[in-house]
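Chemist: On the provided structure of chain Y, position chains W and U as indicated by the hints.
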Amino acid sequence: MELFIYGITNSVTLALIALGFSLTFGISGVANFAHGAFYLLGGILTWVFMNQIGIPYFLSALISIGIVGLFGFFLYWGLMLRLRGLAVNEVIATLATAIVIIEVLRYLGFSGFTYVLPEFIKGSVQIGKSWVDYQRIFLVGIGIGLIIFLYFFTHKTKIGLSFRAISQNERTAISLGIDSDWTAALSLSFGSALSVVAGLVILPLGSIDTQIGYDILISALAVGIVGGLESVPGILVASIILGFGQIVVATFFRAQWQTVVTLAAIVIILAVKPSGIFGKYKELEERV
Amino acid sequence: MAEAIKYRKERIDRGIKARSDTIYMLSSHRELLYLLLPRILPISFLLFIPLWVGGGYWGKVIFYSCTFALLALSWDLLASVGLISLGQALFFGVGSYVAGGFNYYLKWPLFLTIPVATLGGALICTLLLIPVLRLRGVYFSMVTLILPLLFDHLIETLEILGGTHGLLSLSPFPNHWLADYIAIGAVILCLFGFRRLLHEDFGFVLRGIREDDRVVMAGGINIYWYKAQTIFLAAAVGCFAGALMTHYYQFVGRSAFALDNTILPLAGVVLGGSGNFAGSVLGTFILVPLSEALRALGGLRMALYSLILITALAILPEGLFHYFERKYHQFERLVSV
Amino acid sequence: MPEEVILRVENLTKRFGGVVAVDQVSFELRRGEFLGLIGPNGSGKTTLINLITGFVKPTSGRIYYLNRDITHKPPYHIACLGVARSFQMVRAFHKIPAFKNLIVPLYSPRVRKLGGGKYGERDDMAIDLLDDFGFERDSFVPYKPAGSLPHGYLKRLDLARCMALRPDLLILDELFSGMTMSEVAATLPLIEKFNREGLTIIMVEHRLKELFRVAHRVIVLNFGKKIADGPPKEAMAQEEVQRAYLGTESEG
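Residue numbers (this note's numbering), protein chains in the order written: chain Y, 9 to 296; chain W, 3 to 339; chain U, 45 to 296.
In isolation and in its complexed conformation, chain Y is listed as follows (with noise of 0.2 Å):
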């Protein structure tokens, strides 16, 4: 039992993380490697405000997630705009900036167990044998909540339906009428704030540490390859698989070979599936 709801928590931790970066890369067709550099920034944020300015958590949560959105609107509008068309620099200027943020994060010191973000229902229950924390569910339940609000927003919303309309054809959007450009900026503020709200769910099950930046994007690149980059459907599955994977090995044999699980779905998806599970296979030639 205690395995199906630690497998629940990590697939779905997986999910939200890499829903944000698949997101942004889907509408914007920028690949935002710097996605784990925002979940790391809103945490570290969010204590700054708490711990050091004395906003309540609420309210400071709140902010960070505004600054990032904005941080992740001007990235676009900034530097990606400039850089538009010259697909080199847009992925090289994405993962710059992650470590930029990163590193400097890194040198202030923010890591350790000082940093801890509180969580939002203190407390566990006991569900058949084991004992699980409120935190967990809680997670689980906004998860599920995110993806299905995810749904409508971009089903029914204008704003999300524009969000489907660039990345299924950017040019007949464009001629009716949506700003692609705005539209694109939005995405990846929308994304980065995305990552905010799942940091702000997940870190306080432990304490932050700057390498987090980077092992949120591995998990984010790792489910998007897996399950196929674009594809919603295949991310969940990916997630699932993943999630459980881990934490199957981790019970039964050991912690540390987590990481073997994700390099062996890689590579096992690499050489039967590359586009990924549910990826639709975009061989080069079909860009008609």
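Keep in mind the hints are simulated off the structure, nothing from the lab. Treat the hints with care, since some could be wrong.
Heads up, simulated SDA-like pairs for lysine to any residue below, C-alpha to C-alpha not over 20 Å straight-line [unchecked claim]:
no.	chain 1	residue 1	chain 2	residue 2
1	U	Lys139	W	Val207
2	Y	Lys281	W	Val140
3	U	Lys139	W	Pro319
4	Y	Lys281	W	Gly139
5	U	Lys101	W	Asn224
6	U	Lys101	W	Arg216
7	U	Lys188	W	Glu213
8	W	Lys109	W	Ser173
9	U	Lys139	W	Glu213
10	U	Lys277	U	Glu254
11	U	Lys188	W	Asp15
12	U	Lys101	W	Arg136
13	U	Lys188	W	Arg13
14	U	Lys117	W	Arg136
15	U	Lys139	W	Gln332
16	U	Lys157	W	Tyr228
17	U	Lys117	W	Trp227
18	U	Lys139	W	Ile14
19	Y	Lys281	W	Thr128
20	U	Lys188	W	Val207
21	U	Lys117	W	Leu135
22	U	Lys162	W	Arg198
23	U	Lys139	W	Asp203
24	U	Lys101	Y	Pro282
25	U	Lys188	W	Asp203
26	U	Lys188	W	Asp214
27	U	Lys139	W	Phe204
28	U	Lys139	W	Arg13
29	U	Lys162	W	Tyr228
30	U	Lys139	W	Arg216
31	U	Lys162	W	Phe204
32	U	Lys269	U	Gln282
33	U	Lys139	W	Asp15
34	U	Lys162	W	Asp203
Modeler: Chains W and U in isolation, oriented as in the chain Y frame:
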């Protein structure tokens, strides 16, 4: 009623460039010198600098500059065919560990481990990257980014190949002159070799693939085969650099797969200018000594390289080398409109 | 004297999501034929070409070239068998000199096997080839970066690129679009000559007057379906074809 006189910048090729543009049109020693100077100068500089600097600390810096220059050249080669690598550390790490592994476990001498690491490592890397060739470019970047990070994790957690401590006491070079000149020789070879390659028919095919792969395919060329060949060549250079470093340090550890080994060459190429190979060498030869001088900053240096990278992208996307080249070949003046 | 069938298309269908771009198209092409492929915009002509040349995979159906099944083969394989195609949107390598654009086909396994040049000869072969297409050998035109050339030249460069492959089947996708009358008048006889020398040609065109002068046979597509197949005059006389192009007459 006087209107403001508007100026615009006009760039004109120097007469000497126009006259000496193709080999068949050289007509004077002066023109010959004009063409040869930009090539002779850096070669002589590179060949003499180890002599001037001697061994010791700055000799080390020269060596490091060379290995990172090799990584940068490798990146530029991949970029020429349209592949953007975010994982030079992959090549570097694989080369390091193959060389280190054979030396540590099988006691092979370095003149054996280095070639084996170069070719064997290149083979491994190419096999790892072949599956993503058919997909969009970003997959290549993603996979090259993630693989070295995963290998780093693996080595640490599984305690294989020396684990966190790495493999120690490996065979050194007989003397540092050999190491230095092998490294410098490799840089010169790759620099001029790649430039030459890109002007051969093979190179035009690569450039074509980068610009428009559909036309290339319609012309009967299997683009995946050519991409694979390029990866093999670039990986070989990267693995060679890794193998060299392993024996220079007499040590190999998980730091071989660290992000530093990707970002520093990348920043070097962006700073120096991609597409002409000379920029890669120029950029790394600026950044590596700079990074050594700023040792005290420790991890913050990575942030610095990245910042330099972003700034270069935003302000001088063509890179330093291209900027100098332009100044050499053209002169500018303001003309009133 | 029946000529051999070099291309056979059987029930070829391509679906893009809900849209049927090519609908159960079948036909045979004999060596030396000059086939015109026409139809209103959006009728599936370019998709059909992409299917035949391997750039798009069919949803169902088969394609045979020289009795080999090429249905799922990649474009470069099909090109090496001798099928060359031009592109509707002109695609050239803009930053390199015009003649260097031809290096790619000259470097292909097909041309190398057919006896195309050793090391160092390809440049000269390219210049020679371009000479036949209006890029005078002694001028600086072949050496200019392709991106600086006017549209008509680019179209002819595309044609030269196709011919550099020494094809047995040439597929032209709206070659004349954007060309001036004089450029068309200069290029059309060239294509005719190739056909008389034995090159099988499929030509997609909107400029019907010029096309009908040279094409032996015409296939008309509408909404992905083949609605006519025969000599130009007969095909155009069919009511369905006229309706496709002109629309139905309104009552009253």
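Chemist: Look at each hint and say if it fits the structure.
Modeler: Hint check:
no.: 1; hint: U:Lys139 x W:Val207; result: 13 Å, holds
no.: 2; hint: Y:Lys281 x W:Val140; result: 16 Å, holds
no.: 3; hint: U:Lys139 x W:Pro319; result: 18 Å, holds
no.: 4; hint: Y:Lys281 x W:Gly139; result: 16 Å, holds
no.: 5; hint: U:Lys101 x W:Asn224; result: 17 Å, holds
no.: 6; hint: U:Lys101 x W:Arg216; result: 15 Å, holds
no.: 7; hint: U:Lys188 x W:Glu213; result: 17 Å, holds
no.: 8; hint: W:Lys109 x W:Ser173; result: 9 Å, holds
no.: 9; hint: U:Lys139 x W:Glu213; result: 9 Å, holds
no.: 10; hint: U:Lys277 x U:Glu254; result: 13 Å, holds
no.: 11; hint: U:Lys188 x W:Asp15; result: 16 Å, holds
no.: 12; hint: U:Lys101 x W:Arg136; result: 15 Å, holds
no.: 13; hint: U:Lys188 x W:Arg13; result: 19 Å, holds
no.: 14; hint: U:Lys117 x W:Arg136; result: 14 Å, holds
no.: 15; hint: U:Lys139 x W:Gln332; result: 19 Å, holds
no.: 16; hint: U:Lys157 x W:Tyr228; result: 18 Å, holds
no.: 17; hint: U:Lys117 x W:Trp227; result: 15 Å, holds
no.: 18; hint: U:Lys139 x W:Ile14; result: 19 Å, holds
no.: 19; hint: Y:Lys281 x W:Thr128; result: 17 Å, holds
no.: 20; hint: U:Lys188 x W:Val207; result: 18 Å, holds
no.: 21; hint: U:Lys117 x W:Leu135; result: 17 Å, holds
no.: 22; hint: U:Lys162 x W:Arg198; result: 18 Å, holds
no.: 23; hint: U:Lys139 x W:Asp203; result: 15 Å, holds
no.: 24; hint: U:Lys101 x Y:Pro282; result: 18 Å, holds
no.: 25; hint: U:Lys188 x W:Asp203; result: 18 Å, holds
no.: 26; hint: U:Lys188 x W:Asp214; result: 19 Å, holds
no.: 27; hint: U:Lys139 x W:Phe204; result: 17 Å, holds
no.: 28; hint: U:Lys139 x W:Arg13; result: 19 Å, holds
no.: 29; hint: U:Lys162 x W:Tyr228; result: 19 Å, holds
no.: 30; hint: U:Lys139 x W:Arg216; result: 17 Å, holds
no.: 31; hint: U:Lys162 x W:Phe204; result: 13 Å, holds
no.: 32; hint: U:Lys269 x U:Gln282; result: 15 Å, holds
no.: 33; hint: U:Lys139 x W:Asp15; result: 18 Å, holds
no.: 34; hint: U:Lys162 x W:Asp203; result: 11 Å, holds
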